[in-house]
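J.: Residues per chain are reported as follows:
There are 2 protein chains.
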Amino acid sequence: MLLFEFATTHLYQLKSSCPGTKARRGSLNTDHGTIETPIFMPVGTHGTVKAVTQEQLRSDIKAQIILGNTYHLYLRPGTDIISMAGGLHTFNGWDRPILTDSGGYQVFSLSNNRKLHERGAEFKSHLDGSAHLFTPENVVDIQRALGSDIMMVLDECPPYPSDHSYAKTSMELTHRWALRGRKAFLETQERYGHRQHQFGIVQGCTFGDLRRDSAKAIADMDFEGNAIGGLSVGEPTDILYEMTDFTTDHLPAHKARYLMGVGTPQNLLECVARGIDMFDCVMPTRNARNGMLFTRNGSINLRNSKWKTVFESADPGFESELCQEYSLAYLHHLFRCQEILGLTLASVHNLQFYVWLMQQIRDRLDAGDFHTWYPGMVERVGRKI
Amino acid sequence: MLLFEFATTHLYQLKSSCPGTKARRGSLNTDHGTIETPIFMPVGTHGTVKAVTQEQLRSDIKAQIILGNTYHLYLRPGTDIISMAGGLHTFNGWDRPILTDSGGYQVFSLSNNRKLHERGAEFKSHLDGSAHLFTPENVVDIQRALGSDIMMVLDECPPYPSDHSYAKTSMELTHRWALRGRKAFLETQERYGHRQHQFGIVQGCTFGDLRRDSAKAIADMDFEGNAIGGLSVGEPTDILYEMTDFTTDHLPAHKARYLMGVGTPQNLLECVARGIDMFDCVMPTRNARNGMLFTRNGSINLRNSKWKTVFESADPGFESELCQEYSLAYLHHLFRCQEILGLTLASVHNLQFYVWLMQQIRDRLDAGDFHTWYPGMVERVGRKI
Chain A
108 MLLFEFATTH
118 LYQLKSSCPG
128 TKARRGSLNT
138 DHGTIETPIF
148 MPVGTHGTVK
158 AVTQEQLRSD
168 IKAQIILGNT
178 YHLYLRPGTD
188 IISMAGGLHT
198 FNGWDRPILT
208 DSGGYQVFSL
218 SNNRKLHERG
228 AEFKSHLDGS
238 AHLFTPENVV
248 DIQRALGSDI
258 MMVLDECPPY
268 PSDHSYAKTS
278 MELTHRWALR
288 GRKAFLETQE
298 RYGHRQHQFG
308 IVQGCTFGDL
318 RRDSAKAIAD
328 MDFEGNAIGG
338 LSVGEPTDIL
348 YEMTDFTTDH
358 LPAHKARYLM
368 GVGTPQNLLE
378 CVARGIDMFD
388 CVMPTRNARN
398 GMLFTRNGSI
408 NLRNSKWKTV
418 FESADPGFES
428 ELCQEYSLAY
438 LHHLFRCQEI
448 LGLTLASVHN
458 LQFYVWLMQQ
468 IRDRLDAGDF
478 HTWYPGMVER
488 VGRKI
Chain B
108 MLLFEFATTH
118 LYQLKSSCPG
128 TKARRGSLNT
138 DHGTIETPIF
148 MPVGTHGTVK
158 AVTQEQLRSD
168 IKAQIILGNT
178 YHLYLRPGTD
188 IISMAGGLHT
198 FNGWDRPILT
208 DSGGYQVFSL
218 SNNRKLHERG
228 AEFKSHLDGS
238 AHLFTPENVV
248 DIQRALGSDI
258 MMVLDECPPY
268 PSDHSYAKTS
278 MELTHRWALR
288 GRKAFLETQE
298 RYGHRQHQFG
308 IVQGCTFGDL
318 RRDSAKAIAD
328 MDFEGNAIGG
338 LSVGEPTDIL
348 YEMTDFTTDH
358 LPAHKARYLM
368 GVGTPQNLLE
378 CVARGIDMFD
388 CVMPTRNARN
398 GMLFTRNGSI
408 NLRNSKWKTV
418 FESADPGFES
428 ELCQEYSLAY
438 LHHLFRCQEI
448 LGLTLASVHN
458 LQFYVWLMQQ
468 IRDRLDAGDF
478 HTWYPGMVER
488 VGRKI
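Residue numbers (our numbering), protein chains in the order written: chain A, 108 to 492; chain B, 108 to 492.
Keep in mind the hints are simulated off the structure, nothing from the lab. Do not rely on the hints blindly, as some may be mistaken.
[To be verified] Some residues of chain A that are not near chain B, with every Cβ distance over 12 Å (derived): (1) 128; (2) 193; (3) 245; (4) 267.
[Claimed, not checked] Only pairs whose alpha carbons sit at most 25 Å apart, straight line, appear in this in silico BS3-like list of lysine-lysine: (5) 323/B with 275/B; (6) 491/A with 413/A; (7) 169/B with 122/B; (8) 491/A with 415/A; (9) 275/B with 122/B; (10) 231/B with 415/A; (11) 169/A with 122/B; (12) 415/B with 231/A.
[What the hints assert, rightly or not] Examples of chain A residues lying across from chain B (beta carbon under 10 Å, computed): (13) 158; (14) 179; (15) 226; (16) 229; (17) 434; (18) 449.
We treat Cβ as the ideally placed atom computed from N, Cα and C, and that holds for glycine.
For reference, chain A alone in the conformation it holds in the complex (with noise of 0.2 Å):
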C-alpha cells in the first residue's frame, strides 16, 4: 500500500510554459527540500563535488541538489560503508536533495573491462581489476542503501557513432532492463525514513525513430521522471540539439525531464528551450581545474600569459570571491604554479556562474520573456574572451 503511494507520488509541478519555445517553470517536491527547475546539479562523484566544501556549494553556490556516481561510491567507500553511516547524507553531510545515477555510463566507459549480457554489466574495476557485476536489481538495491532523493535505472549507453541496427538492439535491452529496475523499484522499500524517487533513460543513440519509440516506451513505465541518455558522447551539437527536441515531444508533460551528462552554458539555454528540466555536467568543475572560466561575458583560459599583467577581475560585477577579490593576473600566477588555490577558485566560480545562469533562465521564465533573452544569451556567453 506504502510502495503505491511512494509510486504515485507527484514528485513535478510544472508552474507555468514559456509562451515561445518549450521551456518550462516547475519544481520538484523531496523530502530533503524543494528544487526550483529547470536545475543544474552539480557532480560529487565520491560524494565530493570536486575541489569544493559544502559550506562553499551551500553558501556561496547556493546548490539545490547534488549528484553522485553510483559505480564510483559502490567501490570506494563501498555500499556497506555508506548503509553503516545511514546513507550518503549522513555520509558526506549534505542535507539537501542528492541524485544518483546508475553507474552504467562509468561501466560502458570501461570498454575493454566490461562485458554485456542479458542478465546485466559485467566489468572489472579500474581500481585494483577485481570482477563486479551490475543488474538492473542490484543497482536499485544499492541506490537503496545511497540513499539519494532520485535514482537512476540501469541502462546501456552506446557510443557515437552507432549503427541503427547497433542502436536498436541496445535501446531494446535497455528497455528490458528499465522494467526490471521499475520492478525492483516498486518491490523494495526506502531505508532511511525519506522518500526516493525512480527515473527512466530514454536511448536511441541519433535516430529520431528510435528516440521517439524509447520516450514512448519509458513514459509507459510511469517512472516519476524521464530522462534522455546516450547523447553529449560526441555528436554535433545540432544532433544533440535536434534529439533533445525531438525526445521530449514524445514525453509527458507533467513530469521532469533530465537531459544527462550536459552541458556547456550555451547547451544548457538551447535545451532549456527545448523542454529540458534537469541538467548534470563535470564540465564546469573539471574545466576549472584546466584553468578555464566561465563568465558572463565569455569563456577566459587562465593559463594564457596574456593575463600575467591583467590586474582586473574576470568580471567585476560578478559575485563570487574568484570575481570580488583576485585579478586576472593572480589568478594566472596560481595556474601557472600548480597552486591548489587556483583549482578551488575556479571551481567554486564556475559552478555559482552555472547556478546564476539557471537563475537567470528562471527568472526570464517567470517573467515571460525568457524566448526573446536567450538567444542573445547563447551568444553572449558563448565568446572567447
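Following the hints, put chain B in place on chain A, whose structure we already have.
T.: Using the frame of chain A, we list chain B on its own:
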C-alpha cells in the same frame, strides 16, 4: 630624516611577562594592523597559503599575518609583476600584515645548484636552471618591491650537523651580510606608503658560544626585531629547546623574537615558554595534505584504515568545518580517493588549530597561569590518536 624615524619605530610592545617562564605577551604594531603575540604565521609560499582561500584565512582561520617566500615570488610571478600590481598585498588580495623571508633558506636548500661568495649567493632556479644572484642588498630591494610589513635579512643557514669551525665561519658571513642588509634597508624607502620593518637573524648552529655571540652581534645592529634561524633543520628537539632558551637570554626584551620554521604544537608551547613571540611553519598545511590532523587531543592520521567505519568527528567540540560537519570515515574516504576536498578541509582545520593554540597561549598569559597550564597541554597535543 624619515628613514631614521622608520628605523626607530617601536614595532613591538611588550605587555606582560609570565611569572614562571620566559613567555611574553605583546603586540606588533604594523600599518596593516596590530598583531597579538605570541603568534603563529601561516606560510603562503607563492602568495597563497596552500589549499586555503583568502576568505577561509580571514573568516575561518582568523590569521593575523601570513608569510610569503621571497625566493619563490622572485622567480614566479617575478618582482616586476608584483611591483606592477602595487605590491604583494594588492597582488594576492591579503590586506593584513605579511612577512617575507630573504630567500636565503631556499637558496641554501638547493645544495648542488648554488655557490656562496662574500658578495652573495649565486643559484640556479629550480624551475628552469637560469642563473641568479641574491645579495644582502638586492633581497632588500626585492622585499621593498614585495612590500611586506616585515622583511628578513639575507643569512646563511648551515646544515645540521656542522662542525664548530664551519659554523663560526658561516655565522661571521651572516653577520657581515646582516650589516650590509641593514645599511641597504636604511638607505632605501618603502614603495607603497606603508611602513616596512626589518628583522636580523641569529645563527650559530648548535653551539652555545656562537649563539651567544650571534645574538649580541645581531642585537647590536638594531633591527626592528630579531629572529633565530638555523634551527629545526634536523637537530634533536632538546637541542632546539636548549639553543632557543640560550639565545633569547641574549636578545633584547623590547623587540620581538621570531623562531623561524618551527614547528609542532609542542614546539610552539615549549618555545613560547623560552621567550619566543613569533613562529612560522609549513607543518600544519603540509601535514594536512598528507592526511595528518592536529587536534586538541593529539594527532590523527586520516589515512589509517581504522577510521573507515568511525562515523564520529575528529574533535566534536572544535570549531572547524572539518570537526563540525564531517566524520573520520568520510575524511578517510576523501584521502583514499585523493579528493582535493580532503586537502582543503585538513589544511583549514590544522591552521585553525594552530591559531586556536596561540590564542589559548595568549589567554593563559593574560590570565597569568601559562606556566602551570602549558606542560599539560604539551602532553595532551603530543599524543597520537
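J.: Now, for every hint given, state plainly whether the structure supports it.
T.: Do the hints match the structure? See the list:
no.: 1; hint: 128; result: holds, 38 Å
no.: 2; hint: 193; result: violated, 8 Å
no.: 3; hint: 245; result: holds, 22 Å
no.: 4; hint: 267; result: holds, 29 Å
no.: 5; hint: 323/B with 275/B; result: holds, 14 Å
no.: 6; hint: 491/A with 413/A; result: holds, 13 Å
no.: 7; hint: 169/B with 122/B; result: holds, 22 Å
no.: 8; hint: 491/A with 415/A; result: holds, 18 Å
no.: 9; hint: 275/B with 122/B; result: violated, 35 Å
no.: 10; hint: 231/B with 415/A; result: holds, 23 Å
no.: 11; hint: 169/A with 122/B; result: violated, 45 Å
no.: 12; hint: 415/B with 231/A; result: holds, 23 Å
no.: 13; hint: 158; result: holds, 4 Å
no.: 14; hint: 179; result: holds, 8 Å
no.: 15; hint: 226; result: violated, 29 Å
no.: 16; hint: 229; result: violated, 24 Å
no.: 17; hint: 434; result: holds, 7 Å
no.: 18; hint: 449; result: holds, 8 Å
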